[in-house]
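Number of protein chains: 2
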Amino acid sequence: MSIISLHPIGTIHSPYRSIEDMPIQPIGDGTTQGTVVLEAAYADGLEDIEGFSHLILIYQFHRVRGFDLKVKPFLDDRAHGLFATRAPRRPNPIGLSVVPLLSREGNKLFVGNIDVLDGTPLLDIKPFVPDFDSPMVTSVGWLAGKMRQAKQMRSDGRFAASD
Amino acid sequence: MSIISLHPIGTIHSPYRSIEDMPIQPIGDGTTQGTVVLEAAYADGLEDIEGFSHLILIYQFHRVRGFDLKVKPFLDDRAHGLFATRAPRRPNPIGLSVVPLLSREGNKLFVGNIDVLDGTPLLDIKPFVPDFDSPMVTSVGWLAGKMRQAKQMRSDGRFAASD
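Taken in sequence, the protein lines are chains E and Z.
Residue numbers for the first sequence follow our numbering, so the first one is 2 and each next one is one higher.
Residue numbers for the second sequence follow our numbering, so the first one is 2 and each next one is one higher.
Just to be clear, a hint being listed does not mean it is correct.
Heads up, the list lumps identical chains together, so a pair's fine if it works in one copy or across two of them.
Listed next, the in silico BS3-like pairs over lysine-lysine satisfying Cα-Cα at most 27 Å (straight line) [to be verified]:
(1) Lys147 to Lys73
(2) Lys109 to Lys73
(3) Lys71 to Lys147
For the record, the hints were derived by calculation from the structure and aren't laboratory data.
For reference, chain E alone in the conformation it holds in the complex:
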């Protein structure tokens, strides 16, 4: 199948400079603020975004390389299929975070609950719409009962680039 070429439309800034110090998901530290800086050329595309309390950020996991089809996630000591996890090392290293939008200044969005590395290349911003994005979830597989644990965990080096 053919290659799909994407290009960053901006950069996500956060306090996290190394993979080791990051929360494993936004839940890891609900108070950490980040700044999404959109390329100036796209700024007009942000009109009316302030009306939404939450956004979906889509970005590149730019510091990872390669992937394994079975991974042992932070929250379990058993391996699972890669697509049953949120591990960043994936065939297409695309990340997704749902964040609260705190405020906007021109092409800058100030967001909460950030869980990405400083300098992360931004690929897309979508408004979070509960009717589309919040289903009535009835099961979370191997993650059941592990959420309390997630709130206290930080990343470690396991998903770092190997080169």
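Using the hints, position chain Z against chain E.
Coordinates of chain Z only, in the frame set by chain E:
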């Protein structure tokens, strides 16, 4: 900034053969089933995915070209900034749908609530985890009060490729 090269890891099959006949979001037709066929090489990555009631599909809007920074969405007669909408014509034409996982057979996932064109290139599958992905949304901007309308609407030609 540098180009990011992605490659399809599978294909999403649906009953929708043309952009004109599609629901505008999964909500448009909650009962439509689709099939996600992962390339056989990645099948081991699906282990334990059956435990999750919902998945996040990330895919390419492969039939759109170009974008405008201001768009008039299906659900409004006023234009809004592109990033305050879910319009498929975006600088990076990446789509995201949250779907219920009905069953799995090997490298095939049968899902509900599908809202993509038949033959859509799949980029990633992530498990939907409410603690990460279901925030306490307090506002949905210009979409407020328009959700009932969305359930009955179908797409039209406005987001079709212009070439």
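Here is how each hint holds up against the structure:
1. Lys147 to Lys73: within (14 Å within a copy, 42 Å between copies)
2. Lys109 to Lys73: between (36 Å within a copy, 23 Å between copies)
3. Lys71 to Lys147: Cα proximity of Lys71 and Lys147: one copy only (19 Å, versus 42 Å across).
The structure agrees with every numbered hint stated previously.
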